[in-house]
Structures are given as C-alpha cells and as structure tokens.
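Visitor: These protein sequences, in sequence, are chains A and B. The first sequence begins at 35 in the numbering used here and counts up by one. The second sequence begins at 35 in the numbering used here and counts up by one.
Hints in this document: simulated from the structure, not taken from any laboratory. Among the hints, erroneous ones may be present.
[As the list claims (entries may be wrong)] Straight-line C-alpha distance at most 27 Å; calculated DSS-like pairs for lysine-lysine: (1) B:Lys134 - A:Lys420; (2) A:Lys175 - A:Lys143; (3) A:Lys84 - B:Lys61; (4) A:Lys276 - B:Lys143; (5) A:Lys188 - B:Lys297; (6) A:Lys231 - B:Lys204; (7) A:Lys61 - B:Lys276; (8) B:Lys297 - B:Lys216; (9) B:Lys188 - A:Lys297; (10) A:Lys231 - B:Lys150; (11) B:Lys84 - A:Lys84; (12) A:Lys204 - A:Lys216; (13) A:Lys237 - B:Lys412; (14) B:Lys61 - B:Lys204; (15) A:Lys237 - B:Lys134; (16) B:Lys84 - A:Lys61; (17) B:Lys231 - A:Lys143; (18) B:Lys84 - A:Lys143; (19) B:Lys150 - A:Lys61; (20) A:Lys231 - B:Lys231; (21) B:Lys237 - B:Lys276; (22) B:Lys237 - A:Lys237; (23) B:Lys297 - A:Lys237; (24) A:Lys420 - B:Lys143.
Predicted, not measured: the structure shown is a model, and the values here were computed from it.
Protein chains: 2
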Amino acid sequence: MIAEIISVGTELLLGQIVNTDAAYLAKNLADLGINAYFQTVVGDNVNRLKEAITIAEGRSELLIFTGGLGPTQDDVTKETVAYHLQENLILDDTALANIKSYFELSGRKMTENNRKQALYFENGIGFPNRNGHALGTFIEKGEHLYLLVPGPPKELTLMFDNEILPFLEKYLGGSRQSLVSKTLRFYGIGESELVTKLDYHIKSQTNPTVAPYAGDYEVTLRLTASGTDENSCVALLSEKTKEILEIVGDYYYGEGHNNSLVKTVGNLLKEQHKTISAAESLTGGLFQSTLVSIPNSSDYFMGGMVTYHESVKREVLGVPAAIVQEHGVVSEACAMAMADRCREIFQTDIAISFTGVAGPEALEGEPAGTVWIGLSQKGKNTKALKYRFMHNRTGNRERSVMQGLDLIRRSLLE
Amino acid sequence: MIAEIISVGTELLLGQIVNTDAAYLAKNLADLGINAYFQTVVGDNVNRLKEAITIAEGRSELLIFTGGLGPTQDDVTKETVAYHLQENLILDDTALANIKSYFELSGRKMTENNRKQALYFENGIGFPNRNGHALGTFIEKGEHLYLLVPGPPKELTLMFDNEILPFLEKYLGGSRQSLVSKTLRFYGIGESELVTKLDYHIKSQTNPTVAPYAGDYEVTLRLTASGTDENSCVALLSEKTKEILEIVGDYYYGEGHNNSLVKTVGNLLKEQHKTISAAESLTGGLFQSTLVSIPNSSDYFMGGMVTYHESVKREVLGVPAAIVQEHGVVSEACAMAMADRCREIFQTDIAISFTGVAGPEALEGEPAGTVWIGLSQKGKNTKALKYRFMHNRTGNRERSVMQGLDLIRRSLLE
Numbered sequence: 035m036i037a038e039i040i041s042v043g044t045e046l047l048l049g050q051i052v053n054t055d056a057a058y059l060a061k062n063l064a065d066l067g068i069n070a071y072f073q074t075v076v077g078d079n080v081n082r083l084k085e086a087i088t089i090a091e092g093r094s095e096l097l098i099f100t101g102g103l104g105p106t107q108d109d110v111t112k113e114t115v116a117y118h119l120q121e122n123l124i125l126d127d128t129a130l131a132n133i134k135s136y137f138e139l140s141g142r143k144m145t146e147n148n149r150k151q152a153l154y155f156e157n158g159i160g161f162p163n164r165n166g167h168a169l170g171t172f173i174e175k176g177e178h179l180y181l182l183v184p185g186p187p188k189e190l191t192l193m194f195d196n197e198i199l200p201f202l203e204k205y206l207g208g209s210r211q212s213l214v215s216k217t218l219r220f221y222g223i224g225e226s227e228l229v230t231k232l233d234y235h236i237k238s239q240t241n242p243t244v245a246p247y248a249g250d251y252e253v254t255l256r257l258t259a260s261g262t263d264e265n266s267c268v269a270l271l272s273e274k275t276k277e278i279l280e281i282v283g284d285y286y287y288g289e290g291h292n293n294s295l296v297k298t299v300g301n302l303l304k305e306q307h308k309t310i311s312a313a314e315s316l317t318g319g320l321f322q323s324t325l326v327s328i329p330n331s332s333d334y335f336m337g338g339m340v341t342y343h344e345s346v347k348r349e350v351l352g353v354p355a356a357i358v359q360e361h362g363v364v365s366e367a368c369a370m371a372m373a374d375r376c377r378e379i380f381q382t383d384i385a386i387s388f389t390g391v392a393g394p395e396a397l398e399g400e401p402a403g404t405v406w407i408g409l410s411q412k413g414k415n416t417k418a419l420k421y422r423f424m425h426n427r428t429g430n431r432e433r434s435v436m437q438g439l440d441l442i443r444r445s446l447l448e
Numbered sequence: 035m036i037a038e039i040i041s042v043g044t045e046l047l048l049g050q051i052v053n054t055d056a057a058y059l060a061k062n063l064a065d066l067g068i069n070a071y072f073q074t075v076v077g078d079n080v081n082r083l084k085e086a087i088t089i090a091e092g093r094s095e096l097l098i099f100t101g102g103l104g105p106t107q108d109d110v111t112k113e114t115v116a117y118h119l120q121e122n123l124i125l126d127d128t129a130l131a132n133i134k135s136y137f138e139l140s141g142r143k144m145t146e147n148n149r150k151q152a153l154y155f156e157n158g159i160g161f162p163n164r165n166g167h168a169l170g171t172f173i174e175k176g177e178h179l180y181l182l183v184p185g186p187p188k189e190l191t192l193m194f195d196n197e198i199l200p201f202l203e204k205y206l207g208g209s210r211q212s213l214v215s216k217t218l219r220f221y222g223i224g225e226s227e228l229v230t231k232l233d234y235h236i237k238s239q240t241n242p243t244v245a246p247y248a249g250d251y252e253v254t255l256r257l258t259a260s261g262t263d264e265n266s267c268v269a270l271l272s273e274k275t276k277e278i279l280e281i282v283g284d285y286y287y288g289e290g291h292n293n294s295l296v297k298t299v300g301n302l303l304k305e306q307h308k309t310i311s312a313a314e315s316l317t318g319g320l321f322q323s324t325l326v327s328i329p330n331s332s333d334y335f336m337g338g339m340v341t342y343h344e345s346v347k348r349e350v351l352g353v354p355a356a357i358v359q360e361h362g363v364v365s366e367a368c369a370m371a372m373a374d375r376c377r378e379i380f381q382t383d384i385a386i387s388f389t390g391v392a393g394p395e396a397l398e399g400e401p402a403g404t405v406w407i408g409l410s411q412k413g414k415n416t417k418a419l420k421y422r423f424m425h426n427r428t429g430n431r432e433r434s435v436m437q438g439l440d441l442i443r444r445s446l447l448e
C-alpha cells in the first residue's frame, strides 16, 4: 500500500502555518506499515487540486486529503473530490443536528454554508468530528482509496486516533505486518562518522532498517523491524542493537524517541542520590537552565552561579586572584578553582564549571570556541578538560552544555 | 514568478520531523511577492526526486530544494539536480578548507564523503553555510531557476536571511518594483488582540501591506511597501508605522527582523551605563543565559545566582529564613529579598529575581505558572510583581524571562 498526503490550504503555501498535519499523518502511516513516497501541498483552488489528485492517482493508492472541509467558499476539497470521482455527497443527520444546536447554544445564526460540513460520500462512510463540525469521509473507488480529514490539528488528531485509525487497521487488516521501531541516541560522534563506521549495517539494511538522523549536537539511529508479530520484531531489534553498540557503543547514551542527554544525566543523579551545582561563565546559566528544564530536577540540582564578569569569579565565587592573574580565566586552573569553590559553596557531591570563549571575538588570545570544563567531585581529584568547538556563539554555548552533561554521565558510570 | 518548494527527506515522509523549512521559505517567498501554487515532499530517492523535478518544471519557474545536501549516501539532491540539468558541480576551496579545519580542530577524522558538501554549480553560485558544512547553490537554466538549500533549520534560516534573500532581491530586482519591508515588534499583547485593535489597518491594507505573525511570546507586524523607488516605500512605511503605534504603541518595543526584547534591553543598559545581575529560581539560569546570548553582554551583565533549592536561597543568597518561613518562596517578600541580596552581592545597578512554580506540579499551594518577579534598583524602591502564566513548564519559564526583560525595559525608559 502506497499513500500520499495532499494538504489543501493556501495558508500553507503562504507559510502562515506549519504543516503539522502532514507529519502527524505520516508518522501514523509509517506505524501502520503503509509506505509514502510523496506529499503534496496545494492551495484552495479547484483546478490545481484536480491536478494534484490526478498526479497522486498515478503514483499512490491511498490519497489522504487534509483541510478544505470547512464552511467557507474557499473550502473546496469535498466538492472537488466528489466531482472528480462522480460520486454523491449526502447529509449526515446527526452531524447537521450538532451544527444546528451549536449555533443555537452560542446564540449565533447558522448560515446556510455550514450545512456542507455535514456531507459525506453516499457510497462511502463518514467520520464524526468531536472537536469541530466538518465530517471526515472515506470512499474506495476503482484502484484507489480516498480519505478526507479536517485541517485543524485538534480536529484531525482526535478524529484520526478515535475513528480513522481503528477503521484503517481493520480495513487493511489482513494485508499488513507488525512494525516496531526504536531510537538509539549517540553523543560525541558526528553523523558522517557514525554512518561510516556503521556502513555495513546501513547499506545491508533490510530488516530492521537503520536510519541515521542528525539532531542538535547528537545523532540518533532509528531501527524499524517488521515481522508477523511484535515479539519477532522486538527480537530483531535487540540483535541489531547489539551489533551496532559493539561498534559505536562508546558514544551511546540511551534509547527512546523522547530521551535526551539531560534526562539520562538526571536519572543517573537520582539513582545515585547525588546532588549537583554549577559555576558558569560563557554558558551564562544555560547548563543550569537545561537541568531545570526537566521536571523534579530539584531532586538533585541545588543551584549555582553565573560568574560572567571576571571580578565576580574572584569576589563572589572566590577564585584566587593569583590564578586569574597568572593563568587568565580561560584556563585549566581557573576551571578547576571554579568547580571546587562552587562545590564548597553549594555543598553538593558534584560541581561543574564552564569558562571559555563563546565568540564571536577571541579572549585572552584564545579563539572563539575554546572552552574549559571543570569537574569537582566528592572523593575524586578535580579535573578540567579543554575543548575547541567550531559553532557560532549560540552553538558554542549549547555544545559546551552537551559536553558538560556527557562528562558527568561518563563520570557517574565510571 | 511562480515558485515551488521541493522538500527532500525520508524523515518527512515518515513524520519524524515537521516541515518547518517549507513554512519558513513559503513565508519569505510570499513577502517577496513570489507566488507558490504547490509544495512537494519526496524521499531520499533519486528516481522519485527526478519525477518531482519534472512535474515541478511543468508548473513552476523557481524550484527550491531543501535537504539532501549532507555527506551521507542518502543525501542525493545536489547530484540528482546536477545530473538532471547536465550541469557540473565543482568544489569550493574555502568551504572544503572549513570542513577540513573543523575536523582537525575537533580532533575527528574527516571521512571522504564530507567533501561533497563543498560542491556547487560550476555555472551557478554557491552560498556559504555559517551554521554547518553543506553549501547552498543556485543555477539558472533554460526557463527555470534552481535553488538548493540545506535542510537543518538552523542552517537554512541563517543562509536564507544572510545570503539568499539579498541575492534573490537583487536577482529579481529588474523585473519588479521596489519593495521595502520593516518589522515592528510587540510584547505583552496577543496576536488576536493586536489584530482586533488594528482591524482597520489590516483589512484596508493595500500599500503597505500589514502582516501579523505570532512569534515566541511576542507578536510582530511585517509592513511591506511597494513603489517606484526605495524612498517612496520608506515614506509609506513611516506613515503607516505612526498610525499603528498610535493604537498599540504601548506594547511596541522596537523594530527590525533580527531585533529582540533582550537586544533592546541590552542596548538600553549599555546606553545608560548600567550593570545588571539576577537571582533565579524557577527560570534556573534561563534569564542570564538569554542575556549572555547577545555578544558583548559583558558590558552590562556581571553575573548572578541560580538559587533552585530553598536552602540555597537562604544560605548562599542570604534571604532571611524568617521570610521563607513566614511567606514561603513563592512570595512577594522572597522575590524582593532575592533581588536586593543579589544586587548587594554582585554590586550592580539593577538586580532581578524570579521565583515561582514552573510546573507541572503546584508548589506551596500555588498553581503551575505562578511567578513573582522582583526588581531592585539603585535609588528606587524595590518591587515585585505577580504573574500567572498558562503555558507548560518550558513555556512558563520562557515567558517569565520575557516578562522580566519587559519589566526592565519599561523601568529603564521611565
């Protein structure tokens, strides 16, 4: 089964809204094991919509239309598809009654054009809209299936989850396999290097498939297995995961579509009952803000300082003036002193420090992107590591935070 | 001129990412007065990409491709378009040197597949990528224009704003009138309220056009004037700006496509030679990190504290224990004490504090979104204001930062 999503709406062509509907439907189609090779966006225009339908019929079996089911004169999807198929639309009495009572209750006059929202294919089926008024509808004709769903995301997602997904699963039932996916997450390796190292697994991929994606300073691999049942898929995924981690396991920090490095670190801190604080210069609070982005981070995060100005490093945090004079603030000695003083002041098990050059300008003769990260831990020697990042100002700061999180993760796993 | 955006990426067809690139480009095309009747999404597949190109050539003049410019074997856009056009790709020495030095400096091995990111059309032009490695490129051939831009939104938007937009404006220049745009920025008013208040100006718009956009906790209006020359456009824009600010001037904080509330505050602090520090609880360093996102923020930002845990508020920052006991940490008294103590410790002209409930859970009987912001200023009475935001955890924290910036802006303008 090959599907194509046809999004109807001039607002999409003008960039006034982002096409989240297409992503939502596409993900659900993928989960159903339905392939999709193209998506199309077309405006609220009868002739161009007809053109899009004809093209899609030539390359796809299931055509899914989003948008253009509303009451206004530029909502043309239902009428255009019906005319194209030479199929009748009929009124759904329940839907019409709902529209009428909505207008009565809100004290507004129901204009005649609202009636068309209750139309569905006479030889097909209608799907109720519990977050709005426009019915969804489906019809099979010739070699094609046509599914029309409303454009407003709230209406679409509720209708799809509650009505259309069960319908499609049943409708397509016999013909499809189980599909199970998992996401492996890596930090500290670029996409191109990961892909090169896993060349064999990516090129020879059939089942599971292995798809790399570059995220924000991290890379993920999406493994998707198909089989007759879920258990066989899970087994295939486990085996492939093992093979992959034998090669690039050193960069692997966890799995899960919604996982992140900061969540992984937070969970480790919680498990080990350890507390953390931070002293930040170039990152300016971004590390701590990233920790706080996770609910219940108060279980392990106490607080910290942003020592942006050099005088604050000395006078408030208490880095010895001699260190700043002799080594500068972009130095191993300063990073270590910052971490040690921070741990003392905030009385935590771990303290991390960031000092360096965010850019765009150089500092103390060090180029933009030079960063020292210090780590002070109870019962361990304090250390500081030097990095040279090659992003812009924002990127260098964000990357420093990721690197800091990874340092802590590795240290907690030691 | 009719344009068509062709988004290349299997991850779009699988619904793993949302096509924000298409919306971004579509909005910019609309602003340039370029029509668009279709958008296409196609996977990382040479034959289907060729099919999409052929269809698009039949109905559009400017074809814009996003994605598929990276180093991996499933990045096929540049090669496929070049083959289709029978045009040569050549290496850009600067881009290649940048890629090499990036790998050298980051201590990683540059694999051979990275070279192709530095390719551009021999008979066209290349656009540098300042947030990544893959060059953009443009070529005119026969009746069509082909523009290829990278898929990662950070790379695309920077390249488009800084390189491609000026290029397109100049390239299309001869055939069209002068177009001048300006962006007015507002904080503290919702899009629907702004639109309602400016109903007349938006509905009666012809020249300049007035387009509202809802940004992150702010609203912008993009005014675009057309005329025979730039001067007449600028005059039209000034007049319309005056009319608009008479109505909603109280929410206006500045103009400019790349402006922001934090830049406005930074400039005011610099002009008035004032220094600032911050004590943050629920925002967790986000306010300070936002200040630091602006280059040269060290001119006015000294540093601050993240007092996440209650004990840190007392023992490190020095909020009197009696205040915490009597009023709790989500209180006017705590916010004021935090700001005062912060200004004392960091010796700044202004100190701001944030304490409240980020969510999702309530705290001290206050619902998520309850936030106190304190402001301590040299020679003025310290004050604290209470807000109730209705976003999620991240949103409540981000909105608090924006509100804090606006408080400081208004205070500096008093």
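Visitor: Each hint should be assessed against the structure and marked as holding or not.
Guide: Taking the hints in turn, this is what the structure says about them:
no.	hint	verdict
1	B:Lys134 - A:Lys420	holds, 20 Å
2	A:Lys175 - A:Lys143	violated, 37 Å
3	A:Lys84 - B:Lys61	holds, 25 Å
4	A:Lys276 - B:Lys143	holds, 25 Å
5	A:Lys188 - B:Lys297	violated, 35 Å
6	A:Lys231 - B:Lys204	violated, 44 Å
7	A:Lys61 - B:Lys276	violated, 47 Å
8	B:Lys297 - B:Lys216	holds, 17 Å
9	B:Lys188 - A:Lys297	holds, 24 Å
10	A:Lys231 - B:Lys150	holds, 18 Å
11	B:Lys84 - A:Lys84	holds, 22 Å
12	A:Lys204 - A:Lys216	holds, 25 Å
13	A:Lys237 - B:Lys412	violated, 66 Å
14	B:Lys61 - B:Lys204	holds, 18 Å
15	A:Lys237 - B:Lys134	holds, 26 Å
16	B:Lys84 - A:Lys61	holds, 24 Å
17	B:Lys231 - A:Lys143	holds, 25 Å
18	B:Lys84 - A:Lys143	violated, 51 Å
19	B:Lys150 - A:Lys61	violated, 31 Å
20	A:Lys231 - B:Lys231	violated, 58 Å
21	B:Lys237 - B:Lys276	holds, 17 Å
22	B:Lys237 - A:Lys237	violated, 56 Å
23	B:Lys297 - A:Lys237	violated, 48 Å
24	A:Lys420 - B:Lys143	holds, 19 Å
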